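Construct the entire structure; sequences and hints are all you get.
Residue numbers (the numbering used here): 8 to 651.
Some hints could be false.
[Said to hold, decoys possible] Below, simulated DSS-like cross-link-like pairs (lysine-lysine); rule was C-alpha separation at most 30 Å, straight line:
id, residue 1, residue 2
1, 524, 491
2, 322, 524
3, 447, 524
[As the list claims (entries may be wrong)] Here are the simulated distance ranges between beta carbons:
id, residue 1, residue 2, range
4, 519, 588, 35 to 43 Å
5, 469, 611, 51 to 59 Å
6, 530, 286, 57 to 65 Å
7, 434, 296, 55 to 63 Å
8, 470, 70, 54 to 62 Å
If you are wondering where the hints come from, they were derived from the structure by calculation, not from laboratory data.
Treat the numbers as computed from the prediction; the structure is a model and nothing was measured.
Beta carbons are placed, not taken as given, at the ideal position from N, Cα and C, and that holds for glycine.
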Amino acid sequence: MSSSSTAPLAPETALLHVPPLEETPLRRAELRLQELLAEIDALDAEIDALGGELERFARAYEDTLSAASETVSRSERLLRRLRHLQDATSALIRLLEQPPQPPTPADARHAPAPTSPRVSTPPPPEDEDEDTEDFEDEDDALPEGERSAGADSGEGAEDEAVDLKRLRRRLARLLHPDLAQTDEERERLDGLMARVNAAYSAGDRATMELLAARVGAGEPEDTLTEDARLAHLERRIQVLSTAAHSLREQRERLRSTATARLYEEALRREAEGRNYLTETRAEMEEEVQELARDARARMRQLERAARALTSLRNKRMNTLIKSGKGRKLRVFDPVLESPLVRQGVLRLERQRATPAARELARWLEDAVTQEPWQVALTLMAFFAESAGRPPPGLDTSDAWAERYELLRELDMPEAPPFDEALTRLPRHLEPGLRVMKKKKEVHFGLQLRESELLAAVPLALQRADVAERGRSVLAVIGPQEQCKRCGEEVLLQHLLRTRGLDERHGQLCPLCAHPQKSYWLYSRTEGQEALLPHALRLGTVVEQAVRLARTSVSFQMLPEEREALTAAQLRQRFVDLYLQPYGVELAPEHVRLVQAGQVLDGEARVDRGAVTLKLAPEAGQSEAQLLELLRSRIERRFRPDPAR
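Rendered as C-alpha cells:
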C-alpha cells in the first residue's frame, strides 16, 4: 500500500470554499421572464378549464331549471299584479267610506268629464330589485377599459378599428412563416397567426394584445450588448407582467360570477352525496305551489273587495242630497271614474268590431288548435261578462278553477293547470275589476283587457273549431246538482222550455234531459239565462216551433232530444206546459200536429221545419178560441180565482 493511500485527510477548515456564481441582473431577468411565461400559460389553462366547467354547468342549469325558473317568474308577476289590485281597491274602499261632500251648483256645472270606460288597469310597477333575473345576468360589469371603449362615440370606434389593424400588421410581421428555422417552428407560427386572425375577425383586442405581449418583443439578437439585452428583457417583463395581471383579474372575475358561486355550491352538495339541480328544482316547484296558493287567496280577497265596493258605492249613490227641485246633484262617482275599474258592456250585439277586436278574432282562430286552453279562457271571460252577472260556474275564482280543470280533463290534456295558466295568460286577458253601470255591481275576475275586445269573440265563433270550443265551455258553466231521475252528478243546461205564449225557463240534466227546475223570470235575464242566445247560435240548445192560430209557440230542447222527437212527445210538451198548468179542459187526443200537409201519427218522427197545431172537431172549440183562452189564463195566473 502506498503512502498516499494512508495519508490523513485534511481538516475541514483547510478546504477551499468556492462561492456560488453570483446571479447577474441579466440572469435574473431571464428567470423572471420564464416564470412569467409559465404563469401566463398556467393562467390561460386555468381560465379555459374553469370557463369550460362553468359553461357545462350553465347548460345543465338551463336544461334542468329554466322551465321552473320561468314559472316562478311568471307566478311572481301575477302576484305583483294582484297585490297592486288589492292596494288600489283598498284605497278606493277607503275613499268610499268617507262621507260624501255634496258639490255646489257651480261645482256641478264644472264637474270633470268622466274618464273613458275603456281605460284599462295600469300595470303594476315592476320591482327593479326583484331577485328574478337568471344567474347568467349577474356577472360583474366590464373592466374600466372595456366600458370606456363601449361608451365611445363613432370617432372612438374608428380609433379602435385603426388600432386593431395596426396590431394585426405588427403580429403578422413577427409571426411570418419565413422567420421559422424548422418545420415545427413554422407550424407554431401558423397556429399563432390563425389565432390572431380569429381574434381580429371577432374584434377581440384583449386576445391580440396578449399574443403581442408574448411574441412582440421577440428574442434579442446575440450581437446585442448585455445592457441592451437586459433593457430588452425588462421591457418584455413589464409587458408580460401587465398581461399576467390582466389574466389574474379575469380569473377572479370568473370566480366571482353568480354562475361560479352556484357551481361551488353544486360541488359542495355533490361531495355530500346530494344533487344541487334536483334539489333546486324541487324547491322551485314548492315555491310555485306556495305562490299559487297565495294568488288564489288574494283573488278570493278581491272578490270580497268587489262586493264591498258594490255595497259602498250603492249606499253612497242612494244617500245623495237632493236639490230643491227633487233632482239628484251631479256628483263624483269614485268607482266609475277610477281607472282601476273597467266598465262592462251590457249589449254586445250593438258593439262594432274595432281593428283591435278583428285582430283578436284572427288570433283566436289561429290559436284554437295550437293553444286551445287560451281560447277556452277567453271564451269563459267573454261569457262571464256578457252574462251581466257571472253564471254559477264563473262567479268565483274557485269555480273558474274547477270548470277549467274539467275542460282540461275532457278535451285539453296538454293544457297547463289553472294556477299555471293564470301566469301564462295571453296579452288580451287579465285579472281585474269591472262595473256594470246599470246594475251598479262591481265584479272581479278574469276579463278581457279592453271592453272593445269583447266584439272579437262573436266574430271568431263563426269558425267551426272555435264554435266547438264555445260549446264545450257553455256545457260546463251551469250549476252542479244530482239529477233526480238518473242520479248522476251533472252540470245543468239552461233553456226556455217554452216561449211565445208563455215563457218558462228550465234547467235540464244533460244526460237524461230531466227538467230539474222550471221557473219564470220577471226581471232582466242575467247569469246563465242571459247566455241563451249564444247557446242557440252554437247549437247546444235547439228549438222547435209550433203554429197555433196566429201565434208561434216554441219549445227548446237538447240536440239529442230533437233528433229523437216524435209527434206524441211534442204534443205531450204542449199538454204539460199549457193545457194542464192553466186548467184547459181539452183531451190530448183532440190535439193534432200537422207537418207538410200531413197529420203526424203518434210515433212519427218530427222533421225539421214548421209544425201546425190543429184541433179535432170533437174538441168543441177552434184554435183561435184555444189561443185566447190560454192568453187570458196566462195573464191571470197569479191572481186569486174568484170562483174559489
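Residue 322 paired with residue 524 [C-alpha distance capped at 30 Å]: Violated, at about 34 Å.
C-beta pair residue 470, residue 70: status relative to the range 54 to 62 Å that was hinted: violated (38 Å)
Holds or violated: residue 447 to residue 524, with C-alpha atoms at most 30 Å apart: Answer holds: residue 447 to residue 524 is near 28 Å, not above 30 Å.
Status of the given 55 to 63 Å range, CB of residue 296 versus CB of residue 434: Cβ of residue 434 to Cβ of residue 296: about 26 Å, so the range 55 to 63 Å is violated.
Hint check for residue 286 and residue 530 - Cβ pair distance inside 57 to 65 Å: Distance hint for residue 530, residue 286 holds at roughly 59 Å.
Beta-carbon spacing of residue 469 to residue 611 - inside the hinted bounds 51 to 59 Å or not: violated (35 Å)
Range agreement (Cβ of residue 588 with Cβ of residue 519, hint 35 to 43 Å): Cβ of residue 519 to Cβ of residue 588: about 22 Å, so the range 35 to 43 Å is violated.
Restraint check for residue 524 with residue 491, where alpha carbons must lie at most 30 Å apart: holds (10 Å)
The structure fails hints 2, 4, 5, 7 and 8 (numbered hints given earlier, in ascending order).
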